Amino acid sequence: MVAATARIEDLRIGPLSKTYRLSASSVLALKDVSLDIAGGSFVSIIGSSGCGKSTLLRIIAGLEPSDGGPVRLGGRTIERPGLDRGFVFQEHRLLPWLTVAANIAFGLKGLPKDEIRDRIEAHLKLVGLEGFANAYPAQLSGGMAQRVAIARALVNKPEVLLLDEPFGALDALTRIQMQQEILRIWDVEQTTMILVTHDIDEAIFLGDEVIVMSARPGTIKKRLSVNLPRPRDRTSADFLAFRREIYREFFTEAEAPFAYVI
Amino acid sequence: MSETLDLAARTGLGTARTEGGPFRGLPIRLAATLRRTGLYLALPLVLIAIWQGLFEAGLIRPILLPPPTKVAQAFVALTLSGDLFRHLGISLLRVLEGFAIAAGIGLVLGVGIGLSRQLDRATDLTIQLLKPIPPIAWIPLAILWFGIGEGGKIYIIFLGAVFPILVNTIDGIRQTDHRHVELARILEVSRARFIAQVVLPGALPAIMTGLRVGLMVAWMCVVAAELIAASSGIGYLIMDARQLAQTDQVLVGMITIGAMGKLLDILLKEIERRLITWKTVYSGL
Chain U
1 MVAATARIED LRIGPLSKTY RLSASSVLAL KDVSLDIAGG SFVSIIGSSG
51 CGKSTLLRII AGLEPSDGGP VRLGGRTIER PGLDRGFVFQ EHRLLPWLTV
101 AANIAFGLKG LPKDEIRDRI EAHLKLVGLE GFANAYPAQL SGGMAQRVAI
151 ARALVNKPEV LLLDEPFGAL DALTRIQMQQ EILRIWDVEQ TTMILVTHDI
201 DEAIFLGDEV IVMSARPGTI KKRLSVNLPR PRDRTSADFL AFRREIYREF
251 FTEAEAPFAY VI
Chain F
1 MSETLDLAAR TGLGTARTEG GPFRGLPIRL AATLRRTGLY LALPLVLIAI
51 WQGLFEAGLI RPILLPPPTK VAQAFVALTL SGDLFRHLGI SLLRVLEGFA
101 IAAGIGLVLG VGIGLSRQLD RATDLTIQLL KPIPPIAWIP LAILWFGIGE
151 GGKIYIIFLG AVFPILVNTI DGIRQTDHRH VELARILEVS RARFIAQVVL
201 PGALPAIMTG LRVGLMVAWM CVVAAELIAA SSGIGYLIMD ARQLAQTDQV
251 LVGMITIGAM GKLLDILLKE IERRLITWKT VYSGL
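Top to bottom, those sequences are chains U and F. Going by the UniProt record's numbering, the first residue of the first sequence is number 1, and it counts up by one from there. Going by the UniProt record's numbering, the first residue of the second sequence is number 1, and it counts up by one from there.
Treat the hints as calculated values from the structure; they're not laboratory data. Check the hints yourself; a few may be wrong.
[Said to hold, decoys possible] Here are the simulated lysine to aspartate or glutamate pairs, DMTMM-like style, with alpha carbons at most 25 angstroms apart:
hint, chain 1, residue 1, chain 2, residue 2
1, U, 109, F, 83
2, U, 157, F, 182
3, U, 109, F, 97
4, U, 109, F, 182
Computed from a predicted structure; not experimentally measured.
All chains should be modelled from the sequences, with the hints used to inform the complete structure.
So this is what it looks like as structure tokens:
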């Protein structure tokens with residue numbers, strides 16, 4: 001297991017901005033965003049919709065160019081998608097005509113057959129879907145399909161896993177279960193995790209750090225270290241203190257104090 | 001007889017029985033099947049009954065529209081003499097030849113045009129200009145070029161079938177889900193795998209629609225071509241009967257064309273159902 005012992009490299013983002021040009025006007029989606037993320041850490045990025053958090057993730061993935069600011073992973077400058085970064089979309093994006101195994105193998109190339117088989121098997125086990133290799137996506141529940149999507153993103157052994165509201169479409173119970181699963185997977189794979197979410201609980205429960213973004217233009221408003229031991233208790237006083245602190249970034253105390261999803 | 005009924009009752013099929021309606025007292029599953037089949041066949045049966053009724057009432061002249069009983073007799077006679085199935089076989093063979101050529105060229109060209117913006121630009125005007133010309137309008141030229149031999153008919157069938165196949169294939173490829181395109185970029189999937197595992201399966205429903213429409217047009221084209229210039233085939237059978245004022249045989253030919261078209265469509269639908277297992281079809285209210 002050479003990959004596990006090799007040090008995961010740090011990610012240095014920006015300072016970068018991103019402008020979307022519309023036919024008549026242009027919109028500044030991100031403004032002077034700078035972010036250093038330590039290799040192997042779990043970072044949650046939270047913000048209201050339209051704050052550019054997904055855009056930032058897509059720039060890191062190489063799906064979209066920034067206006068010019070750099071993104072570096074270790075010594076390399078990121079300009080296009082690469083297998084050193086895995087991506088989990090909000091929808092599972094499984095190919096409906098391929099089996100679970102073939103979906104996981106979709107991004108694998110240049111490997112001997114038995115290595116491919118081993119990797120599929122190992123990653124099915126990692127996401128808790130042993131025995132589902134020959135199932136089709138239509139036969140899976142939403143949570144199971146998202147597990148396959150996570151396995152597909154990890155099968156190339158990326159250094160960074162980018163998660164774009166991956167549990168946003170799941171029901172509340174499945175979401176909590178998947179949050180625990182992703183921590184277990186993180187523990188095994190040791191990849192850097194960057195999670196974009198609008199769920200305050202999720203951001204605190206998962207992140208070593210929570211990055212709070214504000215909208216129009218998207219900027220980093222606050223950076224919090226969540227120095228709580230794991231496994232974290234969502235009902236503990238410390239957890240609630242973090243929740244309140246982040247909550248105050250978006251709302252005044254008087255507004256719906258029990259809501260925690262922006 | 002009574003033993004079979006007892007068996008049905010004991011196998012559980014007979015345990016639940018419908019309480020009312022025309023199938024009262026029958027097992028529920030059997031009653032449902034009968035009801036569905038009845039609904040399916042009711043309209044054609046009613047039309048045939050009206051047709052026969054008009055004849056019995058003396059409202060139509062048999063020479064203009066012979067009654068169903070007369071058509072059935074002609075059908076039996078043409079079947080026994082072997083003429084009907086000989087002509088049908090010849091027509092079918094022509095359709096298969098023309099359709100195979102159209103499918104080959106339509107699919108290859110369609111995939112090429114769907115994937116290449118350059119090729120699309122280069123061929124679009126030509127395709128759009130040729131597409132609206134009815135295949136039948138080519139018959140005069142086809143006769144000059146090929147005589148009344150097989151070549152001309154296959155050419156007409158090809159022209160009729162190729163455009164639905166081509167256009168649907170291009171459309172299907174153009175409708176590739178952009179989210180899957182993004183996924184392929186993220187995973188650095190090779191172009192060959194992208195085409196084989198994303199583009200083509202995604203386009204398959206549209207391609208199958210193109211093939212079904214193409215086959216239907218091919219079947220109509222063969223009859224049209226045979227009506228005008230042929231010495232065999234189901235279209236010739238109709239034309240020949242018309243010249244002898246045997247309208248019952250004309251109708252046998254027409255009904256055979258309809259039945260064959262329906263059979264071909266069932267065949268392609270079944271192939272589609274087996275190929276495209278991932279799609280759930282909306283079946284109406």
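A quick look at each hint next to the structure:
1. U:109 <-> F:83: 59 angstroms, violated
2. U:157 <-> F:182: Since the Cα atoms of residue 157 of chain U and residue 182 of chain F sit roughly 19 angstroms apart, the hinted pair holds (cutoff 25 angstroms).
3. U:109 <-> F:97: With a Cα-Cα distance of about 40 angstroms, the restraint between residue 109 of chain U and residue 97 of chain F is violated, given a limit of 25 angstroms.
4. U:109 <-> F:182: 18 angstroms, holds
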